[in-house]
Structures are given as structure tokens and as C-alpha cells.
Amino acid sequence: MLRMQIFVGLISLAFFVLTFELIRKRILREEYAILWLFTSLFIAVLSLWPKMVPLISKITGFYYVTALLLIVTIFLIAMLMHFSTVISRIKDANKELTQRYGLLELRVREMEQNKLG
Amino acid sequence: MKQRVAVIVPAYNEEHSIGGVVRKIKALGEGYHAIVINDNSNDQTSLIAQQEGAIVVDLPCNLGIGGAVQTGFRYALANEYDVCVQVDGDGQHPTEKVPYLSKTLNEEKCDLVIGSRFVMKTDYDISCMRRIGIQIISLFLWLSTGVSIKDPTSGFRATNRKAMGLFAKDYPQDYPEPQSLIFAHKYRFKVKEVSIEMKNRMHGTSSITSLKAGYYMIKVLLAMFIDLFKKP
Numbered sequence: 001m002l003r004m005q006i007f008v009g010l011i012s013l014a015f016f017v018l019t020f021e022l023i024r025k026r027i028l029r030e031e032y033a034i035l036w037l038f039t040s041l042f043i044a045v046l047s048l049w050p051k052m053v054p055l056i057s058k059i060t061g062f063y064y065v066t067a068l069l070l071i072v073t074i075f076l077i078a079m080l081m082h083f084s085t086v087i088s089r090i091k092d093a094n095k096e097l098t099q100r101y102g103l104l105e106l107r108v109r110e111m112e113q114n115k116l117g
Numbered sequence: 001m002k003q004r005v006a007v008i009v010p011a012y013n014e015e016h017s018i019g020g021v022v023r024k025i026k027a028l029g030e031g032y033h034a035i036v037i038n039d040n041s042n043d044q045t046s047l048i049a050q051q052e053g054a055i056v057v058d059l060p061c062n063l064g065i066g067g068a069v070q071t072g073f074r075y076a077l078a079n080e081y082d083v084c085v086q087v088d089g090d091g092q093h094p095t096e097k098v099p100y101l102s103k104t105l106n107e108e109k110c111d112l113v114i115g116s117r118f119v120m121k122t123d124y125d126i127s128c129m130r131r132i133g134i135q136i137i138s139l140f141l142w143l144s145t146g147v148s149i150k151d152p153t154s155g156f157r158a159t160n161r162k163a164m165g166l167f168a169k170d171y172p173q174d175y176p177e178p179q180s181l182i183f184a185h186k187y188r189f190k191v192k193e194v195s196i197e198m199k200n201r202m203h204g205t206s207s208i209t210s211l212k213a214g215y216y217m218i219k220v221l222l223a224m225f226i227d228l229f230k231k232p
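Just so you know, the protein sequences line up as chains A and B, in that order.
Numbering follows this note's numbering, with no gaps: position 60 of the first sequence is 60.
Numbering follows this note's numbering, with no gaps: position 177 of the second sequence is 177.
Calculated directly from the structure, the hints in this document are not laboratory data.
As the structure is a computational prediction, the values presented were derived from the model and not from experiment.
Glycine included, C-beta positions come from ideal geometry on N, C-alpha and C.
Check the hints yourself; a few may be wrong.
Below are the DSBU-like pairs computed for lysine-lysine, each with C-alpha atoms no more than 30 Å apart in a straight line [unchecked claim]:
no.: 1; chain 1: A; residue 1: Lys-91; chain 2: B; residue 2: Lys-186
no.: 2; chain 1: B; residue 1: Lys-169; chain 2: B; residue 2: Lys-231
no.: 3; chain 1: B; residue 1: Lys-219; chain 2: B; residue 2: Lys-192
no.: 4; chain 1: B; residue 1: Lys-231; chain 2: B; residue 2: Lys-97
no.: 5; chain 1: A; residue 1: Lys-91; chain 2: B; residue 2: Lys-26
no.: 6; chain 1: B; residue 1: Lys-150; chain 2: A; residue 2: Lys-58
no.: 7; chain 1: A; residue 1: Lys-91; chain 2: B; residue 2: Lys-109
no.: 8; chain 1: B; residue 1: Lys-186; chain 2: A; residue 2: Lys-95
no.: 9; chain 1: B; residue 1: Lys-109; chain 2: B; residue 2: Lys-24
no.: 10; chain 1: B; residue 1: Lys-190; chain 2: B; residue 2: Lys-169
no.: 11; chain 1: A; residue 1: Lys-91; chain 2: B; residue 2: Lys-2
no.: 12; chain 1: A; residue 1: Lys-95; chain 2: B; residue 2: Lys-2
no.: 13; chain 1: B; residue 1: Lys-231; chain 2: B; residue 2: Lys-219
no.: 14; chain 1: B; residue 1: Lys-192; chain 2: B; residue 2: Lys-103
no.: 15; chain 1: A; residue 1: Lys-91; chain 2: B; residue 2: Lys-97
no.: 16; chain 1: B; residue 1: Lys-231; chain 2: A; residue 2: Lys-115
no.: 17; chain 1: B; residue 1: Lys-231; chain 2: A; residue 2: Lys-91
no.: 18; chain 1: A; residue 1: Lys-115; chain 2: B; residue 2: Lys-26
no.: 19; chain 1: A; residue 1: Lys-51; chain 2: B; residue 2: Lys-24
no.: 20; chain 1: B; residue 1: Lys-97; chain 2: B; residue 2: Lys-230
no.: 21; chain 1: B; residue 1: Lys-97; chain 2: B; residue 2: Lys-192
no.: 22; chain 1: A; residue 1: Lys-25; chain 2: A; residue 2: Lys-91
no.: 23; chain 1: A; residue 1: Lys-51; chain 2: B; residue 2: Lys-231
no.: 24; chain 1: A; residue 1: Lys-95; chain 2: B; residue 2: Lys-162
no.: 25; chain 1: B; residue 1: Lys-169; chain 2: A; residue 2: Lys-95
no.: 26; chain 1: A; residue 1: Lys-115; chain 2: B; residue 2: Lys-2
no.: 27; chain 1: B; residue 1: Lys-150; chain 2: B; residue 2: Lys-169
no.: 28; chain 1: B; residue 1: Lys-103; chain 2: A; residue 2: Lys-91
no.: 29; chain 1: B; residue 1: Lys-186; chain 2: B; residue 2: Lys-219
DEER-style ranges, computed between Cβ atoms [said to hold, decoys possible]:
no.: 30; chain 1: B; residue 1: Tyr-215; chain 2: A; residue 2: Thr-39; range: 15 to 21 Å
no.: 31; chain 1: B; residue 1: Gly-29; chain 2: A; residue 2: Leu-104; range: 27 to 33 Å
no.: 32; chain 1: B; residue 1: Lys-150; chain 2: A; residue 2: Ile-34; range: 40 to 46 Å
no.: 33; chain 1: A; residue 1: Leu-104; chain 2: B; residue 2: Arg-188; range: 28 to 34 Å
no.: 34; chain 1: A; residue 1: Leu-76; chain 2: B; residue 2: Asn-62; range: 54 to 60 Å
no.: 35; chain 1: A; residue 1: Leu-76; chain 2: B; residue 2: Arg-188; range: 57 to 63 Å
no.: 36; chain 1: B; residue 1: Lys-219; chain 2: A; residue 2: Asn-94; range: 54 to 60 Å
no.: 37; chain 1: B; residue 1: Ile-132; chain 2: A; residue 2: Leu-76; range: 17 to 23 Å
no.: 38; chain 1: A; residue 1: Asn-114; chain 2: B; residue 2: His-16; range: 28 to 34 Å
no.: 39; chain 1: B; residue 1: Asp-174; chain 2: A; residue 2: Gly-9; range: 45 to 51 Å
no.: 40; chain 1: A; residue 1: Ile-27; chain 2: B; residue 2: Leu-139; range: 24 to 30 Å
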């Protein structure tokens, strides 16, 4: 039990350090990092307080590993959905910027030609 | 006062055909301006179009046909054009019919006029597959909106200021031709379809190949279905 606790604790620590490093190197933005920080926190709680697992089992009625797998899968799907919405938003912003840039560049070119001509 | 018509040409790697398309638009005479939207081509499309005297908007990222055409609507709206006519950059659309489309738009007081192909002398199998696909999309459009359009995938179309204004703000990006007809229905546009004979593609390949026709159709139908429920 203790070995498992240490193992899970190390995973959560690694997770936390990774998230922190990604923010520090500006690869990950804080707003998305919060989600991952909470995830690592959740794993940490799991290692410090392993009795939470049977407690969750009692509350939810899931007594099998497959049920845990289900929860993890749902979590991952929710994350992916979230990322899809983020990508969609970025694509919309990119479209808007691309169009405006193209139209502005044309105006600049025309103004320069008028100045020369 | 004579009408100003913006002929919007979305072009992605069309260096072989863009010159001819622009020349034909210029040959239409006064009031017709060629506006080429170069969708981040890797070839000489932009340069050739500029040399032929077109107004060229160079997009720094590839947006696809929807984003490119919408850029044209935005340009036309900002520069106070009365009519937009969309023409493909591959030389497939009969440019000499542009005045006919804009005339129909004015005379019939429509918001959107679609020039439909009714003859396609391409390889029988391909045209057969595509025709079935187009008919199913057309049927779906009729069932869901009550609008009967024989060729909802035609990109040869004219829009008035009302339509270009709304399309400048909100234009479908994935399958713009059929999807925009759902938009048009929601905005209560007056739409008219006119028959026009089209040539085969001269250069390049169509964005819809025969193998992908079925898959394309399903995706289009799905996108159109979702559009029916989209918030304005």
C-alpha cells in the first residue's frame, strides 16, 4: 500500500513539475495549465489519502477497475472536447486576422502606388 | 449611374488559368472589376493576376474557398460595390455570363442568383456519381427549407449588397456553396437559379474527386443539417 502511495505521489509530482515547467517556458498558457495543475493535485490527494478511492467507490457505486477506467476515459473525452472548442476559436480568430491582413496589405500597396504615381 | 460589379475570384495555385480568367473579366468592360483572392498559393498566381491588372488580395494563410470568398465580400462591401459575382479561378465558369447573372439579380430583385451547370461532358462515371450526390444535397435542401435549387454546389453566383453584407459577417467555411443556401434561407434571401452551360476544368483537379464524392456528400449533408440549428 505504501509503495503504491509513493508511486502515485511521484506521478503527481512529475505531473506538477511538468506543468510548472511548461508554464515557465511559456509553452503552456496559465488558463489551460490550471486544469492540469488541478489534475496533478487530484492525483496527489489520491496518494496522500488512499482511503478516498473506496470512499468514491461507496458514493458512486463503482467497485471495479473498469469503472475507474470509465471515469478516466470520460475525463479525457471532456478534455478533448474542450481542446476542440479552443482550436475552433483559434481558427476563427486566425481567419479574421488573415482576412484583415490581406485587405490591409492591399490598401497599403495601393496607397504606395498612388504616392509614387 | 452605372453599376459597379466586383468579380471575386478565389484562387489557390491557379497560375495556368488565372491570367485568362482576369483577361476575360477585364474584357467585360467598364464597371466590372476583377478581384482575385490569392489563398496563399505557392505559385505565381498573385503575380500573374496583378500583371493582368486585377486587384489582388494576398492571404498570408490558406483559408480555403469559404474564407477566401468571404474576403472578397468584405472587400466589395468596404469599397461600395453594388454587386458581387463569384467566379472560380480555374476557368471553368463562363465569365461572359457574369453580366447576365448581375442583370438577373437586378431585374428579378433577388439577393442571390446561382448560375447552375446543366451540361457536364466529363467522364461518365464521375459526372454520374457527382450528379447523384448533387441531387441528394438538392433534395435535402428542398426538404429542410422548401427551396428548390438544382445545383446547390455551384460556385458561380451573384449577390447584392444585402447578401454580401450578411455574408461578410457570417459565411460558412467548410462547404460554403451548399451551406450558404441554408444561411440564405435563414436570412430570408430571395434566391433564383439560372441555367448556364459550363466548360470542363482546364487545369488542376476539382476539389471533389469521384472517390470522395460519397464522403463529401455525407459531410455536406451533416454540415447543412447542423446549420439549420445554428444561432444567427
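(message) Under the constraints set out in the numbered hints, which ones does this structure not fulfil?
(response) Structure breaks hints 4, 5, 6, 7, 11, 12, 15, 16, 19, 20, 23, 28, 30, 32, 34, 35, 36, 37 and 40.
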